[in-house]
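Visitor: Note that the protein sequences, when read in sequence, are chains A and B.
Following numbering that gives the first Met the number 0, the numbering of the first sequence begins with 0 at its first residue and continues without gaps.
Following numbering that gives the first Met the number 0, the numbering of the second sequence begins with 0 at its first residue and continues without gaps.
Straight-line Cα separation of at most 30 Å, DSSO-like style, residue types lysine-lysine; simulated pairs: (1) Lys388(B) / Lys362(B); (2) Lys206(B) / Lys237(B); (3) Lys158(A) / Lys362(B); (4) Lys206(A) / Lys273(A); (5) Lys151(A) / Lys388(B); (6) Lys225(A) / Lys158(B); (7) Lys388(A) / Lys342(B); (8) Lys362(B) / Lys342(A); (9) Lys151(A) / Lys206(B); (10) Lys342(A) / Lys398(B); (11) Lys269(A) / Lys290(A); (12) Lys11(A) / Lys342(B); (13) Lys388(A) / Lys225(B); (14) Lys287(A) / Lys151(B); (15) Lys403(A) / Lys342(B); (16) Lys225(B) / Lys158(A); (17) Lys287(B) / Lys151(A); (18) Lys11(B) / Lys342(A); (19) Lys388(B) / Lys225(A); (20) Lys158(B) / Lys388(A); (21) Lys225(A) / Lys225(B); (22) Lys158(A) / Lys379(B).
Note that these hints are calculated values from the structure, not bench results.
Number of protein chains: 2
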Amino acid sequence: MLGRSNVVSLDKALLLLHQHLPPCHSRIISLPLEETLGRVCAEDIISPENLPPYPRSTMDGYAVRARDTFGASEKLPAYLEVSGEVAMGEFPEQGPQPGGCYAIATGGILPPGTDAVIMFEHTIRIDDNMVEVVQPVAASANVIAVGEDIAKGEILLSKGHCIRPPDIGLLAGVGLDSISVFRRVRVGIISTGDEIIPYDQHPEPGKIRDTNSASLAAEVRNINAKATFYGIASDNEKNMETLVQQAKAINDVVLLSGSSSVGTRDLGEKVIAKMGSPGILVHGVSVKPGKPVIIARADDTMIFGLPGHPVSAAVAFDLFVRPAIIHFSGVTDSGLPQYRTIKARLMRNLNSASGRTDFIRMKVSIPEGREPEAYPILGKSGAMSTMVKAHGFIEIAEKLQGLKEGEIVEVRLFD
Amino acid sequence: MLGRSNVVSLDKALLLLHQHLPPCHSRIISLPLEETLGRVCAEDIISPENLPPYPRSTMDGYAVRARDTFGASEKLPAYLEVSGEVAMGEFPEQGPQPGGCYAIATGGILPPGTDAVIMFEHTIRIDDNMVEVVQPVAASANVIAVGEDIAKGEILLSKGHCIRPPDIGLLAGVGLDSISVFRRVRVGIISTGDEIIPYDQHPEPGKIRDTNSASLAAEVRNINAKATFYGIASDNEKNMETLVQQAKAINDVVLLSGSSSVGTRDLGEKVIAKMGSPGILVHGVSVKPGKPVIIARADDTMIFGLPGHPVSAAVAFDLFVRPAIIHFSGVTDSGLPQYRTIKARLMRNLNSASGRTDFIRMKVSIPEGREPEAYPILGKSGAMSTMVKAHGFIEIAEKLQGLKEGEIVEVRLFD
Numbered sequence: 000m001l002g003r004s005n006v007v008s009l010d011k012a013l014l015l016l017h018q019h020l021p022p023c024h025s026r027i028i029s030l031p032l033e034e035t036l037g038r039v040c041a042e043d044i045i046s047p048e049n050l051p052p053y054p055r056s057t058m059d060g061y062a063v064r065a066r067d068t069f070g071a072s073e074k075l076p077a078y079l080e081v082s083g084e085v086a087m088g089e090f091p092e093q094g095p096q097p098g099g100c101y102a103i104a105t106g107g108i109l110p111p112g113t114d115a116v117i118m119f120e121h122t123i124r125i126d127d128n129m130v131e132v133v134q135p136v137a138a139s140a141n142v143i144a145v146g147e148d149i150a151k152g153e154i155l156l157s158k159g160h161c162i163r164p165p166d167i168g169l170l171a172g173v174g175l176d177s178i179s180v181f182r183r184v185r186v187g188i189i190s191t192g193d194e195i196i197p198y199d200q201h202p203e204p205g206k207i208r209d210t211n212s213a214s215l216a217a218e219v220r221n222i223n224a225k226a227t228f229y230g231i232a233s234d235n236e237k238n239m240e241t242l243v244q245q246a247k248a249i250n251d252v253v254l255l256s257g258s259s260s261v262g263t264r265d266l267g268e269k270v271i272a273k274m275g276s277p278g279i280l281v282h283g284v285s286v287k288p289g290k291p292v293i294i295a296r297a298d299d300t301m302i303f304g305l306p307g308h309p310v311s312a313a314v315a316f317d318l319f320v321r322p323a324i325i326h327f328s329g330v331t332d333s334g335l336p337q338y339r340t341i342k343a344r345l346m347r348n349l350n351s352a353s354g355r356t357d358f359i360r361m362k363v364s365i366p367e368g369r370e371p372e373a374y375p376i377l378g379k380s381g382a383m384s385t386m387v388k389a390h391g392f393i394e395i396a397e398k399l400q401g402l403k404e405g406e407i408v409e410v411r412l413f414d
Numbered sequence: 000m001l002g003r004s005n006v007v008s009l010d011k012a013l014l015l016l017h018q019h020l021p022p023c024h025s026r027i028i029s030l031p032l033e034e035t036l037g038r039v040c041a042e043d044i045i046s047p048e049n050l051p052p053y054p055r056s057t058m059d060g061y062a063v064r065a066r067d068t069f070g071a072s073e074k075l076p077a078y079l080e081v082s083g084e085v086a087m088g089e090f091p092e093q094g095p096q097p098g099g100c101y102a103i104a105t106g107g108i109l110p111p112g113t114d115a116v117i118m119f120e121h122t123i124r125i126d127d128n129m130v131e132v133v134q135p136v137a138a139s140a141n142v143i144a145v146g147e148d149i150a151k152g153e154i155l156l157s158k159g160h161c162i163r164p165p166d167i168g169l170l171a172g173v174g175l176d177s178i179s180v181f182r183r184v185r186v187g188i189i190s191t192g193d194e195i196i197p198y199d200q201h202p203e204p205g206k207i208r209d210t211n212s213a214s215l216a217a218e219v220r221n222i223n224a225k226a227t228f229y230g231i232a233s234d235n236e237k238n239m240e241t242l243v244q245q246a247k248a249i250n251d252v253v254l255l256s257g258s259s260s261v262g263t264r265d266l267g268e269k270v271i272a273k274m275g276s277p278g279i280l281v282h283g284v285s286v287k288p289g290k291p292v293i294i295a296r297a298d299d300t301m302i303f304g305l306p307g308h309p310v311s312a313a314v315a316f317d318l319f320v321r322p323a324i325i326h327f328s329g330v331t332d333s334g335l336p337q338y339r340t341i342k343a344r345l346m347r348n349l350n351s352a353s354g355r356t357d358f359i360r361m362k363v364s365i366p367e368g369r370e371p372e373a374y375p376i377l378g379k380s381g382a383m384s385t386m387v388k389a390h391g392f393i394e395i396a397e398k399l400q401g402l403k404e405g406e407i408v409e410v411r412l413f414d
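Given these sequences and hints, build the entire structure.
Guide: In structure tokens form, the structure reads like this:
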């Protein structure tokens with residue numbers, strides 16, 4: 000086992016995690032277009048058609064032969080015969096003779112023979128049959144050509160692309176009404192501890208409600224993965240092993256919450272170690288909160304033992320579980336920021352032990368007409384209320400011994 | 000009618016929009032806790048309980064009377080009798096005698112008589128019955144007191160708060176398994192135009208597929224509102240009026256797409272104007288793309304006529320429809336940024352007409368070891384492919400005539 004009883008740095012833990020992530024071979028499913036928002040393309044999506052399929056006007060005006068307007072000016076206008084009109088939604092079988100034009104609206108198909116559109120604004124209508132053109136128009140002006148938006152055979156969206164609203168418009172535009180996407184990442188959640196009861200039951204003295212399974216499931220759903228709750232394992236090896244085995248069998252990621260602090264004994268670690276190869280990669284990371292996390296790979300499943308304290312569990316989820324879920328989703332990393340952030344002035348000194356990465360919850364307030372202010376929310380990591388009062392957090396890097404009041408910090412906002 | 004035939008500035012359009020938003024009186028529904036992620040609290044949520052309900056240890060160690068450790072040091076340790084253990088999940092009916100202690104794990108309830116926990120790390124176990132304490136511990140040390148996390152009667156979440164994962168943990172912690180939230184904002188979507196056919200049909204020459212209803216529905220769902228599609232209205236007043244009336248009857252917001260450009264004639268405007276009071280507020284905003292937008296209030300419903308061009312429709316949605324939906328959601332504005340952004344170096348000069356706000360789509364690339372670079376994606380606003388190639392956009396303010404290559408711009412990333 001790697002890293003046994005050694006607390007490792009955050010960088011080292013992330014390196015071990017990324018080195019040991021199993022290959023992502025999520026199953027591919029086909030979904031109706033309207034259900035694909037936020038899903039990840041399982042293959043390159045190729046356009047079956049040209050868009051537009053016919054040359055279209057991008058303006059309201061007259062479809063013309065460009066050469067009929069060459070040399071036209073205020074002083075020496077060109078006169079064109081208006082010999083027809085392109086009706087919206089109809090295909091113009093015929094077009095104007097040379098020296099003639101058809102009235103056309105935005106989106107109308109160019110009639111045969113014409114190659115440009117002159118805007119209404121650059122014409123003067125003389126009578127029912129004649130229009131005066133006061134400036135020339137180049138060939139292709141105000142026209143979107145066949146395949147100019149999308150060419151048949153072009154890649155619309157690449158494998159690994161996460162589908163956004165405009166992508167759905169584009170796919171609709173070429174008539175793709177079902178799309179191959181990766182199945183959602185499956186995450187199994189198990190709470191552990193003899194003292195834990197389901198949150199909808201009333202606790203006898205000594206028992207406490209299971210809060211982590213509810214908040215972790217929400218974290219999982221928030222990043223478009225599927226959370227399944229396997230129940231509460233008592234501090235009994237057989238019972239815990241059965242639940243973890245069940246969860247491992249059909250999930251990409253399994254989360255045990257409450258199993259990694261010394262207090263809940265070494266049972267979580269013992270059970271996780273038995274689940275498969277290569278086993279436990281990290282037990283303990285030099286972060287605060289979140290230190291007693293277990294990171295393991297068991298065959299093709301990642302298993303995480305998360306601290307029981309809600310704040311520690313949230314930090315460990317964000318640092319380690321989230322990247323694993325994103326890996327299994329098959330999404331291509333754009334390198335772009337994944338989070339909302341705000342720069343704010345730190346309103347209090349913060350100390351931090353060198354050699355440890357600290358995550359400090361922050362409340363941000365924006366006084367009228369002044370720059371945003373960040374107030375640390377200090378409190379025991381068992382206190383859930385501190386998470387709820389915070390808008391986000393800042394990271395104090397391992398090498399720093401703290402931050403000074405008045406410094407500008409970047410607060411990462413909670414989703 | 001306000002603003003008739005006058006194109007107004009972006010600021011003016013937003014002012015008129017915000018001035019005329021109907022009061023938000025969304026219906027209140029009760030949801031099971033696990034379905035409340037992203038929903039908005041319809042009332043202040045009050046804690047029915049103290050959390051924790053009993054004083055608990057936040058460390059593994061020994062529950063003691065703090066005064067029994069006063070003066071203890073490496074040279075002059077205190078010796079305490081280990082007369083019991085707090086079993087996890089059980090309520091300790093009895094506690095140690097003065098001069099004694101109970102072993103306790105993180106989360107364990109403090110036994111009667113004890114008022115502090117001394118960490119294992121600060122003790123030396125002498126034998127089964129005796130522990131040596133080498134430093135004093137203050138009263139309340141390593142203990143979370145009754146109600147210290149949450150006090151009974153305290154407001155957990157305020158009316159208007161949007162529920163995040165840690166909030167769900169907190170609510171579970173005090174046993175609230177159903178929550179009063181506002182109903183989702185309802186948005187009715189109508190496409191218009193004789194040339195438009197459903198996207199899953201094959202277009203005859205001259206027809207084009209309806210793309211905006213699909214992408215607008217996705218935009219609506221992306222901000223947690225409920226989208227309902229009412230179909231495609233032909234360019235026929237009666238038909239359009241019937242559909243808009245149906246949609247208005249049960250939606251907070253109605254979107255007509257394709258109805259506001261001169262090309263689709265003034266039918267959309269005519270129909271919208273008939274729907275109720277005060278009617279059309281804005282027709283035409285000095286933005287590019289997105290200019291031919293209609294903003295109207297008809298009684299308690301906001302009706303928007305969006306440009307038919309996909310990019311224009313997306314910009315108009317973002318500028319005007321999104322704030323209206325957020326208003327109806329009942330969420331309290333925190334003033335915090337709602338979007339992910341990235342600062343990047345502009346890689347090309349951009350011209351912009353003064354007196355008009357321009358939104359330029361941007362592709363962002365992050366070359367190894369260098370700062371992010373932003374490349375404008377120029378293209379006709381009818382071209383959907385430009386939206387898909389972009390990672391986000393920048394705004395060129397009304398008073399500017401453009402931006403210079405090399406300037407640092409803030410790109411707002413698409414969700």
